[in-house]
Amino acid sequence: MKCQEVNKLLLAYLNHEVTPSERMLIRAHLVGCNACQQELAALSALQSRVRQSLQVSAAQVAPSPQAWNRLQARLIEDAHPSLSWFRTWLQRLAPGVGRIHQTDKRGVKMKKGLAFTVIAALVIALAVMAFVPAVRAQVGELLRWFRFESPAGGGEVSIPGSVEFTPLRPTYLPAGFQAMSVGLNPEAASLNYWNSSTNQILIIDELRVSSERSLPPGRKVTVNGQPAVLLTGLEGNISFVLLPPTPSAPITPPADSDQIVPLESVPVSETVETVSYTDGRQLIWHIGDVEIRMLSNLPEEEMIKIAESMAPAEEESIE
Amino acid sequence: MDSADLIHRCQTGDEEGFAALFHQYKNLVYRTAYLMLDDAGEAEDVLQEVFVQVHRSLLTFDPLKGSFTTWLYRVTMNHCLSQRRKRRLPTISLDKVSAAALTEPQSLVNRVEDEEVVRQAVGRLNTKLRTVVILRYYLDLSYAEMAEILNVPTGTVKSRLDRALKTLRQELEMVPCTWPVKEVVK
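Residue numbers (this note's numbering), protein chains in the order written: chain A, 1 to 319; chain B, 1001 to 1186.
Be aware that a few hints might be false.
Reference listing, derived: stretches of chain A covered by chain B, where coverage requires no fewer than 3 residues with Cβ under 8 Å from a Cβ of chain B [unchecked claim]: (1) 12-18; (2) 48-56; (3) 62-71.
The hints are simulated quantities; they were obtained by calculation from the structure and are not laboratory data. Note that the structure is a prediction, hence the values are computed from the model and not measured. Glycine included, C-beta positions come from ideal geometry on N, C-alpha and C.
With the hints as extra help, turn the sequences into a complete structure.
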């Protein structure tokens, strides 16, 4: 074998990637060729240098301690396509406005954006109740009405939704929490609360699931003696759109209950408040065929207390 | 625990088995992604994407058809390549780097700096060459394993590694290593 041929194979020879016959020929050549021996030594030194550098560089880095919790949250998200459908449905009704759940690079992408038709739906619902009793009777044939704490402030209000299950609401809330939005669809409900003084959030999502569905992996706790899971160390941002206490002008409800009212036609002024959290927890448990996921930066004991106070929302008969 | 046992547990719905699988391989996946991307945040994103895909695909993974680690490396590399494409930054071939842009030899004083110099040189390789360097010198894979992961012939792996070493040598020989390197002469 000539030097030129040997040189082409030297790296593969060093890496034990030549055939037995090639190996024999190369060895025979190296015995009598100082130049190729030096080339072999230089290649070997270079490989060692590169290997050492990569091994040392890699050993100096590691995934963040929150990596597992982030993955768990992401897998839960992945496993609930109907909740994604819910968000998409809400976004179509009022694109671009809503509770925005953002993420920074280190944070948890808890949700991709819960469009704020929740508020639009609430405003429309208030208008329907306040101004058009006749329409309300007609709507009542398609929708069920449940009482929740009013996101506009000042007591409770009935929220309509074509709900196929009875949503739950907390009967205990720590002082200072205000309802920000309520969203209902046949398979899911979402209640959002915020304490603006302490910047604490409480996001309760309810989803109909199969009764055989198991809880995701996480620290095991109990809610009213029933098994639950608690995820900790969650990070993220949530933006709330703040409405004035009452609508600024009368709102014309849709003549057709299926008609979608563009949010631009709703004359409300709004400010957006963004809450960042780095100490988020998510409590997950089942009541019957409903999976409840409570995201908050409240202490664990308070979250469990709220969870244990959850009760079916009072249904209002519209006749 | 053996990866085959963990995979079997995952395939029977044992979520704690999946947790154990994650913790067993997270460093490997993260560090490979970090070496490919040079960015801790992006490496973390790749780690998430890889294990979401693993979680989705484990039920259909057949250990008789191939090694789990080979499959895991392939998934990791694919996500790294996707992440790099998202950046839409041009990779500059090391061949085009002028000598004037390279570090003066006098700046090298210790092993730590040399490792950084070498790592940066690897970082300046184009994606294909960088990939084979990391698969070979960080993950210690054979040419056949690399060919399987990259879905290319073994000859292609060989020629890419040859070009990568030649390119690195041109740059690094201008910046000599000042600490002893074990030489293996066969």
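Check whether three or more residues of the region 12-18 of chain A sit with their beta carbon closer than 8 Å to a beta carbon of chain B.
-> holds (count 5)
Check of the region 48-56 of chain A against chain B for coverage (Cβ-Cβ below 8 Å, three residues minimum) = Contact hint for the region 48-56 of chain A vs chain B: holds, 9 residues under 8 Å.
Verdict on chain B covering the region 62-71 of chain A, criterion of 3 CB contacts below 8 Å | Holds, because 7 residues of the region 62-71 of chain A bring their Cβ atoms closer than 8 Å to Cβ atoms of chain B.
Checked against the numbered hints above, the structure violates none of them.
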